[in-house]
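Just so you know, the protein sequences line up as chains A and B, in that order.
Per UniProt numbering, residue 1 is the first one in the first sequence, and the count goes up by one each step.
Per UniProt numbering, residue 1 is the first one in the second sequence, and the count goes up by one each step.
Calculated from the structure, these hints are not laboratory results.
Where hints are given, some of them may not hold.
Just so you know, same-sequence chains aren't split out, so a pair can sit in one copy or run between any two.
Unchecked claim - Keeping only pairs whose Cα atoms sit at most 27 Å apart, straight-line, the calculated DSSO-like set for lysine-lysine is:
(1) K649 / K128
(2) K278 / K261
(3) K167 / K502
(4) K636 / K72
(5) K443 / K319
(6) K33 / K22
(7) K53 / K502
(8) K336 / K631
(9) K72 / K452
Protein chains: 2
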Amino acid sequence: MVGVVYENLDLKRERSRCSFDKEEITNLIDGGKEKTQERRDLVQYILSDPDLKDPVPIEYLSHYERYGAELKKACLLVQKMRKPNGKPLDIGVGPAAVILKEGNALGLHFVMFMPALMGQASVEQQQKWLPRALNLELIGTYAQTELGHGTFLRGLETKATYDPDTKEFVLDTPSLSAYKWWPGGLGKTANYAVVMAQLYTKGKCEGIHPFLVQLRDENTHEPLPGISVGEIGPKLGLNSNDNGYLGFNQVRIPRDQLLMKHSQVLEDGTYVKPKNTKLGYATMVYVRVFIVQDMASVLRRAVTIATRYSCVRHQSELKPGEPEPQILDYKAQQNKLFPALAASFAFHFAAENLWNLYHVATENIGKGDLQMLPDLHGMSCAMKALSTSEAANFVETLRQSCGGHGYMVSSGFPRLYGVATASETYEGENTVLWLQVARYLIKTRMDNAGGKSVAYLIDTKLPDNKPGDLGLDSIINLFQRVASGYVDLAVKELEGYSRQGKAPHDAWNQSAVQLIKAAQAHARYLVADCFVRSVREGKLSGPVRSILNELCEFLLIYWLVERSGDFFMFAELKAQQLIELQSKYMELLGTIRTYAVNLVDAFDIPDEALGSVLGCWDGNAYQRLFDEASKSPLNKSTVHRESFEKYLKPLMQSNL
Amino acid sequence: MVGVVYENLDLKRERSRCSFDKEEITNLIDGGKEKTQERRDLVQYILSDPDLKDPVPIEYLSHYERYGAELKKACLLVQKMRKPNGKPLDIGVGPAAVILKEGNALGLHFVMFMPALMGQASVEQQQKWLPRALNLELIGTYAQTELGHGTFLRGLETKATYDPDTKEFVLDTPSLSAYKWWPGGLGKTANYAVVMAQLYTKGKCEGIHPFLVQLRDENTHEPLPGISVGEIGPKLGLNSNDNGYLGFNQVRIPRDQLLMKHSQVLEDGTYVKPKNTKLGYATMVYVRVFIVQDMASVLRRAVTIATRYSCVRHQSELKPGEPEPQILDYKAQQNKLFPALAASFAFHFAAENLWNLYHVATENIGKGDLQMLPDLHGMSCAMKALSTSEAANFVETLRQSCGGHGYMVSSGFPRLYGVATASETYEGENTVLWLQVARYLIKTRMDNAGGKSVAYLIDTKLPDNKPGDLGLDSIINLFQRVASGYVDLAVKELEGYSRQGKAPHDAWNQSAVQLIKAAQAHARYLVADCFVRSVREGKLSGPVRSILNELCEFLLIYWLVERSGDFFMFAELKAQQLIELQSKYMELLGTIRTYAVNLVDAFDIPDEALGSVLGCWDGNAYQRLFDEASKSPLNKSTVHRESFEKYLKPLMQSNL
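Isolated chain A (complex conformation) (with noise of 0.2 Å):
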């Protein structure tokens, strides 16, 4: 067989008559034919080297080994990418994690502490630090989360009290809910952190500010003095990275380890305070980007496996007599595979756009204007939920979709589900985030006054549709009337709880069950409105662009019908209406069908970066199934032997 490549005869069949250029799919998703060069260059380096593969599959390893195995590939990977006068390969993102799929030691110190130096240290802290920093002479990791405290900054325990004598901060850690915890490669990896800790100074709480300390020694990486740190176990997911806790017992830092970017303390103990206070959320809309980015990517990974998986698969009857259809060609499989598919091109375009945003937005704060900075962190927290809840349900979902075999780890969903809820938590709790997006959206109609995102709230009755129009532009019309319609049901509801004498803050909690929908309504509208207009008015050839805007009407569609009872209360939907999207959904179906194939393939996924024997591109799933199974050490002998002779053999044989 050598030099014969198999090719399963399902997935030949589907791409000999593929109708569209896979190539310009692919360039759209890594943005530009260069840049899918740049990938498939760096890609095809990493996977060509020997050094950085697995020796056994990580999954069959203890906890403790397998944190050594996988620090191994990444500080290789670091080390091997380092360019002469370069900076280091990021390992926190892209390429990286064609080895390391789920998370790495060094990962939050390139996505967390460099961020946190170049956002929060002064000039002067940046030339002592950062290059350092970017010649990995020090590892660094992000502290914030406590035991006890997550999503409440101000909750935070851990003190730092200014010393005037010693010109030193004192950091100590009250309380056994005080300890930092979840930080990623603080367990064993990093010998530094930026640590968020209350300041005190002068007596008097300043609230929480970054401190950059070093924890262990450079040489010989023990802890120093009255620094505690280990790590905290194993996790749904995410096990390659060891998520570590941190204590402090009177741990003193000069002075000028307080991250001075936007406030000081003076010598003397003076506190300055930040000139604003809304400089951090660019910070945060930067992380919360990058996470709807990776959910797009989470969901092509997914897509891929299902969708292949699907075309090989074989089961069943559809037409008695007939032999076993793909599965692929039952309507209650594609239900299940392509609004994901639909789903992970809108969080694509989303994340474009908010980039696009980004740019403006911080070139702007270079020019010292800050007003686009409200109106896209709302989006970025409204999308950054929306996203990360549609892709860890759309991967169980996909995982489903491919039966017990979906359950194995060797299916890949597993770990992809391990990354995708754990984003539904991380930066930004999601039920926390949908509060914080209806707390504006409330504003911006009872100030009847905001940002372009929420501009249909504003002064404006909203135009009816046209009767039986349900075109994009329609749907999208009925998005926004579903998220006003919560919000003046809500903003009603406050008030009536007003009259009554509640105090506001138990109005909002009795409405806070409406008031997530709302949010959830409006978060839909604005990836509804930005996959309708990027594919408008992207530059795509006929195909694709047909193509793109079936799959963008399937998606609305898919949505509105899911939570249809939304649009007869607040969008005056009929019965009659439902029927006909219902029948549209059924008919999308089979059109996207016609080349759901292609569209995974021109995802471009090396079998090594999807980690998934079921959605490898032969189709070959059966045998690589058997293929892993093999390496089970389980199988290395043909009796477990230890075992059967103290517990099993005596087990049978001491008959009653």
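Here the structure of chain A is known, so what remains is to put chain B in place on it, guided by the hints.
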């Protein structure tokens, strides 16, 4: 602190104001006072045995080590529980789960292998094999699913060909996709299996039949000649179970190892058909009712963890300036917890009701009356699919309600999710079951005849609701109207396709998405109806009746509001009614808040069985999280020496 039992003050306050008799709820769930006592004694016996404790938490072990550690506990447990003249403890179910939380290698012996012998072996066969199985002289599993075949039994490929010359069956695996794949305990543990294979005799295929096959030598445990057996590798959950694969290369077994209760092959190869093909339903019903009961138990565990943690966790602020409130007081949090709490009771009653029907049905079968079976089968399909999908979704919602800490394995949630979501796929994949239920509904409507559970679809115009009436009976009626509405719509669609000349199977496929919705509405009606009746008819004290009534109303409203579109569409729901229901829902959140903690206490789940640092009775969540992390082998030393010297140090010191 010796002798002083810690109890978190928030929990203590809740417990000091309990308004009902917790023991009444405990007995209700156990099935009576005596059953409660029996369970407590057994659990106490198991937990007090030092041999049955884990020396190291299993999550830290490698895949290989874990198998041995869990097998040890399973074997010792069975040994210790042997009674001088009784049968050994069935460790597939119940109290054994206190120490075996993610399946175990002996589970299928009790849950599938022995029931298969009892249900499918002839009297002579049972006399020969059952005592040995009961005595664990042999350990069996049940091998049905193949690498390429799950749902569709007729598609199975494994062959058993009768050879009249030697009076043997020859078992053979004709292709890779014919390998048995998934059976629990098959990988390294079982030495016998009931194998489902296509029976060939006299040149003709007689379809799928069960064969008793010896896999391994009883003394050496080595696989017998022609048998290829091994373990399939790590999974999303249930990793204490060595799921396996199995292939046959011309393996011969005696004729009398075809299990011959229902059909036989005579010595000359003559095939004798079973008298009734519906008898197989009874076993399927049995397993599915067991699953519904298990899902109620999963929900009780998950909701206990989340409710207690929500009581001790303080976060953010409701009223500006006041201390951080318990998160249990946030409506958005209650909205995540209480539907699951209510559903745990709904599925408890559903399982109880199904057990009762099952017992009547099997009694009737003994008398030759099979009339109840099809309807019972339909009910068990519907409730299996609904209970597993709801349980899996609720477990994830509850996990996320605990924020990041829910993502820790030590929270207990990842394990519970692994159990719940597996049951969405095994023993009838849910989408397949929904479509079976739908077929039963459509048939009932078209024939105008069917069993008791679908009586509302027969020969009847559904009563109009009294305007404005939103009592429990009305809501149940609304669920009927939704199911009925979807069925009517599907019938109309199917007839339309038929007139267009579409083949029936194409039409069915085209309507699949709507048909699934019809089946789901039907299942909710069944569970809701049973909940209402169980509370009405149960022997309950006043306070407990009132609590259960509130939970019942709450769940019904939750289900209705979540899919209000169906009710606008098919049940003439009015916007104003929906607003009223939403208000009632918010009001009930407050009511349930007052007794939620005491209610989960009443589930009487010992800490060891809960297996969650977040949900322990004493509420000492942070200390337990910390203590659990301290068990991590990565924390045995301050520095992970090998990897630091070999990878991290060189990386940090190779300055450019």
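Hints versus structure:
Only between protomers do K649 and K128 lie at most 27 Å apart by alpha-carbon distance; the minimum there is 21 Å, versus 66 Å within a single protomer. In this homomeric assembly, K278 and K261 come within 27 Å of each other (Cα to Cα) only inside a single copy, at 14 Å, whereas the closest approach across copies is 77 Å. In the homo-oligomer, the alpha carbons of K167 and K502 never lie at most 27 Å apart, since the shortest distance is 49 Å inside one protomer and 85 Å across protomers. For a Cα distance limit of 27 Å, the shortest separation of K636 from K72 qualifies both inside one copy, at 25 Å, and across copies, at 20 Å.
Proximity of K443 and K319 under a CA criterion of 27 Å is satisfied inter-copy only: 18 Å between copies versus 57 Å inside one chain copy. Taking the shortest alpha-carbon separations for K33 and K22, only the intra-copy value of 12 Å comes in at or below 27 Å, while the best inter-copy value is 67 Å. Within a single copy, K53 and K502 get their C-alpha atoms no closer than 62 Å, and across copies no closer than 53 Å, so neither meets the 27 Å cut-off. In this assembly of identical chains, K336 and K631 lie within 27 Å of each other by CA distance neither inside one copy nor across copies; the values are 31 Å within and 41 Å between.
Within a single copy, K72 and K452 get their C-alpha atoms no closer than 47 Å, and across copies no closer than 64 Å, so neither meets the 27 Å cut-off.
Comparing the model with each earlier hint shows violations of hints 3, 7, 8, 9; every other hint is respected.
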